[in-house]
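In case you want the letters, here they are:
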Amino acid sequence: MAKASGPSKSELLKGTLDMLILQTLSGQPLHGYAIAQQIELLSDAVLTVEQGSLYPALERLQKRGWVTSKWGASPTGRRARYYTLTATGRRQLGEEISDFDRVLVAINRVMRRV
Amino acid sequence: MLRYRLRVLLRPEQHARDLDEEIRFHLSLEAMQREHAARGTLTSSDARWAARRRFGNLTTTKEEARHMAGLGFFDTAEQDVRFALRSFRRAPGFTAVAILTLAVGIGANTAIFSAVNAMLLRPLPFREPERLMQVNLTVPPRGDAAPRDNLPWSYPKFVVFRRAQTIFDDLTLWAGTQATVRVGTDAERTGVEFADGRYLPTLGVRTAIGRNFSADEDAKPGGSRVVILSDAFWQRRFNADSSVLGRALTVDGDPYTIVGVLRPGFRGMSGRADVLVSFMSQDQQTLNEPWSHGYDLIARLKPGVTPEAAKPVVRQLGVVVNNAYPNSEIKGERWGAVGRELNGTRVDPLVRRSLLVLLGAVGLVLLIACANVANLFLVRAASRRREIAVRLAVGAGRARLVRQLLTESVVLAVLGGAAGVAVAWWGVTLLATLNPVATLRTQRLGGIGAVSFAAIRLDPTAFAFLAALTVLTGLVFGLVPALQATRPSLTGDLKNETEQSRLTGVRGLTSRNLLAIVEIALAVVLLAGSGLMIKSLGKLLGVHPGFDAERVLTMRFNLTDVGRDSLPAFYDQLIERLEAIPGATNVGLADCPPLNGGCNGTELIHRDRPKPMPGTEPSVGVHWVTPGWFATMRVPLLEGRVFTRGDRIGVQKVVVISERTAKNYWPGQDPIGRPVSVGQGGFYDDTAYVVGVVGNVRFGTLDTLPVPDVYLSYYQSPRARMMMFVRTAGDPRAIVGAVRREAAALAPGVPLYDVRPMRERVADAMAYARFSALLLAAFAVAALALAALGTYGVISFGVSQRRKEIGIRVALGATRTSVVRLIVGQGISLAVIGGAMGLVGALATTGVLRSLLYDVAPSDPMTLSAIVVLLVAAVVVASWIPARRAAAVDPVEALRG
Chain A
1 MAKASGPSKS ELLKGTLDML ILQTLSGQPL HGYAIAQQIE LLSDAVLTVE QGSLYPALER
61 LQKRGWVTSK WGASPTGRRA RYYTLTATGR RQLGEEISDF DRVLVAINRV MRRV
Chain B
1001 MLRYRLRVLL RPEQHARDLD EEIRFHLSLE AMQREHAARG TLTSSDARWA ARRRFGNLTT
1061 TKEEARHMAG LGFFDTAEQD VRFALRSFRR APGFTAVAIL TLAVGIGANT AIFSAVNAML
1121 LRPLPFREPE RLMQVNLTVP PRGDAAPRDN LPWSYPKFVV FRRAQTIFDD LTLWAGTQAT
1181 VRVGTDAERT GVEFADGRYL PTLGVRTAIG RNFSADEDAK PGGSRVVILS DAFWQRRFNA
1241 DSSVLGRALT VDGDPYTIVG VLRPGFRGMS GRADVLVSFM SQDQQTLNEP WSHGYDLIAR
1301 LKPGVTPEAA KPVVRQLGVV VNNAYPNSEI KGERWGAVGR ELNGTRVDPL VRRSLLVLLG
1361 AVGLVLLIAC ANVANLFLVR AASRRREIAV RLAVGAGRAR LVRQLLTESV VLAVLGGAAG
1421 VAVAWWGVTL LATLNPVATL RTQRLGGIGA VSFAAIRLDP TAFAFLAALT VLTGLVFGLV
1481 PALQATRPSL TGDLKNETEQ SRLTGVRGLT SRNLLAIVEI ALAVVLLAGS GLMIKSLGKL
1541 LGVHPGFDAE RVLTMRFNLT DVGRDSLPAF YDQLIERLEA IPGATNVGLA DCPPLNGGCN
1601 GTELIHRDRP KPMPGTEPSV GVHWVTPGWF ATMRVPLLEG RVFTRGDRIG VQKVVVISER
1661 TAKNYWPGQD PIGRPVSVGQ GGFYDDTAYV VGVVGNVRFG TLDTLPVPDV YLSYYQSPRA
1721 RMMMFVRTAG DPRAIVGAVR REAAALAPGV PLYDVRPMRE RVADAMAYAR FSALLLAAFA
1781 VAALALAALG TYGVISFGVS QRRKEIGIRV ALGATRTSVV RLIVGQGISL AVIGGAMGLV
1841 GALATTGVLR SLLYDVAPSD PMTLSAIVVL LVAAVVVASW IPARRAAAVD PVEALRG
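These protein sequence lines map, in sequence, to chains A and B.
1 is the number of the first residue of the first sequence in our numbering; add one for each residue after it.
1001 is the number of the first residue of the second sequence in our numbering; add one for each residue after it.
Treat the hints as calculated values from the structure; they're not laboratory data.
Do not rely on the hints blindly, as some may be mistaken.
Pairs of lysine-lysine residues, derived as DSSO-like cross-links and limited to a Cα-Cα distance of at most 27 Å, are as follows [stated by the list, open to error]:
hint : chain 1 : residue 1 : chain 2 : residue 2
1    : A       : K63       : B       : K1062
2    : B       : K1611     : B       : K1663
3    : B       : K1539     : B       : K1663
4    : A       : K70       : B       : K1062
Bound conformation, chain A alone (with noise of 0.2 Å):
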């Protein structure tokens, strides 16, 4: 599998990829392919999103009621569907980041003692 899987390159850790998605439509509406960009290239290419997983995800998303989904025309004129962040899911966002803040912090004090 053409998985980058370069050192520089990490797998996501397991529950941050709705996270992110999250996090990437907070600011306009996307459709899938742009959601797999946006996260590598804002992490510069760091985190790389196995690009079939978004969608089983995505349903997962849409199933919970945190984004809604779309078809609309692309800028190149083809059909595609575009996520938006519903209001719930704005408020999961918040929480899930709080969530993520605090564990990291935990991590990093784990760290520094060591």
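Using the hints, position chain B against chain A.
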């Protein structure tokens, strides 16, 4: 969110297409991006491939996405079903055996359940049946006679009861009988019921056309002669002509007017009435006689009155009735009344018991069938061990695999259930043809005629039962193998199988052994039960009823048109004509055939002894016979003489008694010449002398000892309703035509009915016992066959697993015999453990058969030991076949392989 779910659920194809399009869009963008970034060093097809690689596994993604969207369950279920069907196609032998086993198990259960449903569960076909009660009179014990709590009513007593009661909304009195109904010139012997105007309202049944009997017609004895027809009779005799109202027919010679037709399906409480006859049109003398007890009382409780609350009130009312009509013959004897829920009287306790026993038995058969199929699955799972281990290793969830294996077993069960519908249909048809009139009545089984085997059918309830049973079956036989097959022991199964097979086989083998043991144990319980029933049936067959039923034809005449006084002359001529028929050797008449039950009974008074204390009078059965009857039935004369043509009205009255009467009432003395009186037939006030003693005859049922009987000479005490018995030299059926001709010549238009060989009557008396015994035996044989098959499966699988070990044994010098002994020994040890468990189970459960057994103890040691022998034989045969295969193992081949 809800919209999303609805869309996914309602338009799954649309959802799938959307996903495809989205992914295509994604891939094309990625490919474009790559092509662009490579600045021409990449062909567009290479770019597309790169995009695909970057994307990951397409199919998995789609599957996962669909799983996420919540379609997963149905999707995978469909997949699993397909997979199951594919794998069944690959193993047709296994599949056929499993489906057949399940079809028989599920089908037989459904058939028996249908019977239980119709006979015991389905609500009575009346309005609010839970408010209906049956009320009977009670009689205290008297002498030898047991107390009775099911005596029917007389009309005067009913009037007292009805006037005094306040707890019932409606009460009705009815009686079922047979009568000759003539429409125009066509006469037909059929079921009729005398019923009053409250009969239909009490039951909550309406007429389809016309009206019910009116209050006027109910008012007093001697009411107008009107009838209501059954739908069946109306269809049959009047072609469903709606202008039938007001037309005439005759019932036993009396003219009646048709006023209504019943709704289809309702044929009275007796379940076989074609004509309802207005109650008050009956003979006035009978109606006014307080001691003529021939009517059943059904009452509908007022709303809010429970049957429990009503019972003590009915007992009180019984005292009122007794005070109005105290027993004039036996002073101080107190009769009473008792009320029961009508539903509680719907079938005879014997029928209820036997049906429940059969249901339990057939349930055990299904359990054995389940164990057998589970065993087949275990064997199959063992051969699929590697496949399952691989799937577990590459990350299939255990729950997922269990679900898939369970789907397989449920699919198999559904196939079995579908085939079971045919088995059930066949079984129900068979059950419904059990002639309820012949079997239940001749055995004097109680219960409501409207609830009969004829009402058994495959209704929606039965299908619901079948469906539920099917799914349950699939889960039961599938769960153990599924859990066991997926128990994670990856390393063992992925390694070289031949090295590991014995180790990994051990656990599976124990479960399989356990299943075989359970099968054997259950089969033993069933075999024991059916063995007892068969032995009981054998004893019943061996009972000598006191007469010779071979080559005797029986029949009745309906002689309502002939006056009582001219009857003897008529019968004289008839006997003469019948005796002249070639092939007829003896002719005799009796009022009540043997094995019929319900013959008359009365008290015997010794004229040469002081009057006994009230309540201690000797009681006897009383029978009217012609002189030729004893010879016709080959009832042996033990002492004195039988009647002659000279024992007629106007000469000294005489009686013939049975051996039992002589032993009971003249112990150690010679009864000949003793003066007696008999409480019936005009023998109460006169003194009659005992002139002869004959052998005992079972007039009641085959399985009850004969009561003391007294015979009266027909010519001294004529009766209207007599049965004719003709002994023939050859087949009794051969003379039926001649008998009809002679009868028609003597009395044109008088129907001859109930024409049957006596042998058939005897067979009927055993029909129900035979039915239960044979059905139970069929189940037991099925159980034994299944258990043997299960044992065979276990042993033969064991042999195939131990090929290598057996090869080593043979190589080291074990003889063929010792190998056979080893394998058969294994089977026998299964049989011993299972058999012991089964015997314990049998001893604990065969007690429920006690009331169904005749002269056999539920723990009959002979039967139980016979069962054990049968079982061991079956198991030895079942393990002999694989044992011989084991003995034929070629050590070289086995060790090399």
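These are the hints, each one checked on the structure:
For the hint linking A/K63 to B/K1062, the alpha-carbon distance of about 16 Å falls within 27 Å, and the restraint holds. Restraint check: the Cα-Cα separation between B/K1611 and B/K1663 comes to about 20 Å, which is no more than 27 Å; the hinted pair holds. Taking the CA atoms of B/K1539 and B/K1663, the gap is near 25 Å; set against the 27 Å cutoff, the hint holds. With a CA separation close to 19 Å, the supplied pair A/K70 and B/K1062 stays within the 27 Å bound.
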